[in-house]
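Student: Residue-level listing of the chains:
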Amino acid sequence: MNSDLTFRTGLKDTLPTVFGYIGIGLAFGIVSRAADMSVWIALLLALITYSGAAQFVIVSMVAAQSPLISIVLSVFMLSARMLLTSMTVAPYFADESMGKNIAVGTLLTDETFALSMSKLNFTDHKLSYPWLTAANIFAYSTWAAASVAGNLIGSLIPDPEKFGLDYALVAMFIGLLYLQMIGDHSMKFSFQVELVLLVLVLTYVGMIFIPSSLLVLVVTIVTCLIGMGVRRRANTNI
Amino acid sequence: MQTPTFSYMLLVIITTGLVTWLCRVLPFVVLKKWGMPRWMVDFLSFVPVAIMSALLFDNLLVQHLGSLPTLNVPNTLAAIPCFIAAILTRSLLVIAVVGVISLALIRYIM
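As given, the protein sequences belong to chains A and B, one line each in that order.
Position one of the first sequence corresponds to residue 1 (the working numbering), numbered consecutively onward.
Position one of the second sequence corresponds to residue 1 (the working numbering), numbered consecutively onward.
Calculated from the structure, these hints are not laboratory results.
Wrong hints could be hidden among the right ones.
Where chain B lies over chain A, by a calculated footprint (3+ residues, C-beta under 8 Å) [what the hints assert, rightly or not]: (1) 17-25; (2) 95-108; (3) 189-202.
A virtual CB, placed ideally from N, CA and C, is assigned to each residue, including glycine.
Pulled out of the complex, with its shape left as it was, chain A reads as follows:
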């Protein structure tokens, strides 16, 4: 990475992260096929919903016949962190037009966000519209292509259950959770482990009386509220 902020450099800087999109996109495509979804549905999910974790959740919730409102609320809970990533990037485009701000925001992902944050260290804390647009478009098209490819490969596999392919989803959550925990330096790792244990207890107890379509949502909200309370108490004690 260097201080260049052209469209071309944007493509070059994004190249290493593209393999991540190919891997998860393929996995998503295969999972979508295992859930009996057509290649068109997989493509539209990739192009319109455009959020890896949300797409996996949609596939599993649709398969479990959850009501639309729970699906939408879960996707919101899952996507709410993008409010934070967008908030972090937005100040660097304060001088650009509203249209360019909307364009950058529309295709911003966790990965292009992370890429932007490391690029800042090479550019004297500047970003450019062509550079981030190149990264965003590269990521977007790779994601769509990989999702379609995965769905098509998936249809060649007659009995996915036998091959454990349905587990790609659970494995992905393990990976995303671990990467989140080691990547988020705003919280101590030990505190994050405590949060995970809290979620385990809440899920276990919640399963007794909360229907599964609402469980993840309720557990998440309660965990966030408890987390806020613990952090506030820690801050006032200092």
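Given the coordinates of chain A, work out where chain B should sit on it, guided by the hints.
Tutor: Positioned in the frame of chain A, the structure of chain B alone reads:
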């Protein structure tokens, strides 16, 4: 499992697409004018870890409304190599492949 209709899936895709788009774009539009209240930033910072682990445990336990959940043994056993792969490689693709192969082996043996 019942196959969802195309029009229902379209409805799901458009509503969730609107949700993810608003989450991405609203901060760019709103930030200049109002900023975000401190408590909301605070609340949101816990969402990723909370929701990811809730989704994970939801898959490792089997619900029996009205009584205690039981362990989904194959899924839980397969989670162990996944977790080791996560620590060793930090690659989502490797983790997914390890998970799929592990569960396939576990189902074959059990």
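Student: Looking back at the hints listed earlier, which ones does the structure fail to meet?
Tutor: Violated hints: none; all satisfied.
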